Amino acid sequence: MAREPSVPERPPLTSEHAKTPNPADRRQFPRLPYGAWVEDELQGGLGFYLAVNLSLGGLLLRGKEAPPPVGHKVRLRLVIENETRVMSVYGEVVRRAGGAEGEFAVRFVNLDAVRREFLDDLVREVSMPVAT
Numbered sequence: 001m002a003r004e005p006s007v008p009e010r011p012p013l014t015s016e017h018a019k020t021p022n023p024a025d026r027r028q029f030p031r032l033p034y035g036a037w038v039e040d041e042l043q044g045g046l047g048f049y050l051a052v053n054l055s056l057g058g059l060l061l062r063g064k065e066a067p068p069p070v071g072h073k074v075r076l077r078l079v080i081e082n083e084t085r086v087m088s089v090y091g092e093v094v095r096r097a098g099g100a101e102g103e104f105a106v107r108f109v110n111l112d113a114v115r116r117e118f119l120d121d122l123v124r125e126v127s128m129p130v131a132t
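Position 53, counted from 1, in the sequence shown is what our numbering calls 53; the numbers after and before it change by one each time, with no gaps.
Since the hints were derived computationally from the structure, they do not count as laboratory data. These numbers were taken from a predicted model, which means no experiment stands behind them. Where hints are given, some of them may not hold.
Listed below are the simulated DMTMM-like cross-link pairs for lysine to aspartate or glutamate, each with C-alpha atoms no more than 25 Å apart in a straight line [what the hints assert, rightly or not]:
1) K64 x E117
2) K73 x D121
3) K64 x D121
4) K73 x E117
5) K64 x E92
6) K64 x E103
7) K64 x E39
8) K64 x E83
9) K64 x E41
10) K64 x E101
11) K73 x E92
12) K64 x D120
13) K73 x E41
14) K73 x E101
15) K64 x D112
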């Protein structure tokens with residue numbers, strides 16, 4: 001009877017491991033759950049997508065139809081503070097998610113100082129605990 005090779009036990013993770021980013025993880029910014037509707041204003045009309053998560057670098061969006069192709073340019077309308085502040089930001093589809101139908105990732109592009117500040121505020125609002 002053949003013996004299965006033994007697998008060495010992995011050392012426990014330490015705080016030093018947590019500080020060292022995994023080179024395989026390309027994400028520069030942490031993702032936050034973000035369940036808001038986002039409009040794509042470049043579709044020749046409006047395309048509506050549900051945002052799955054948000055970071056300072058981009059969004060994961062979900063739609064009812066097939067996602068746009070990688071490289072597709074979008075202009076997204078984002079809102080914060082109960083729609084008292086609205087901002088259009090440009091992005092580019094960087095991947096289509098394989099798991100869920102209609103999901104795709106958008107990377108923000110050409111952000112000026114005003115849009116960066118808006119995204120900082122949006123991320124701060126999304127990361128605040130919900131009052132009960």
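Results for each hint:
1. K64 x E117: violated, 31 Å
2. K73 x D121: Answer holds: K73 to D121 is near 24 Å, not above 25 Å.
3. K64 x D121: violated, 29 Å
4. K73 x E117: holds, 22 Å
5. K64 x E92: holds, 19 Å
6. K64 x E103: holds, 9 Å
7. K64 x E39: holds, 13 Å
8. K64 x E83: holds, 24 Å
9. K64 x E41: Roughly 17 Å separates the two Cα atoms, so the pair holds.
10. K64 x E101: holds, 8 Å
11. K73 x E92: holds, 5 Å
12. K64 x D120: Violated - the C-alpha atoms of D120 and K64 are around 29 Å apart, more than 25 Å.
13. K73 x E41: The given pair, whose Cα atoms are some 10 Å apart, holds under the 25 Å limit.
14. K73 x E101: holds, 20 Å
15. K64 x D112: The given pair, whose Cα atoms are some 31 Å apart, is violated under the 25 Å limit.
In summary, the numbered hints that this structure violates are 1, 3, 12, 15.
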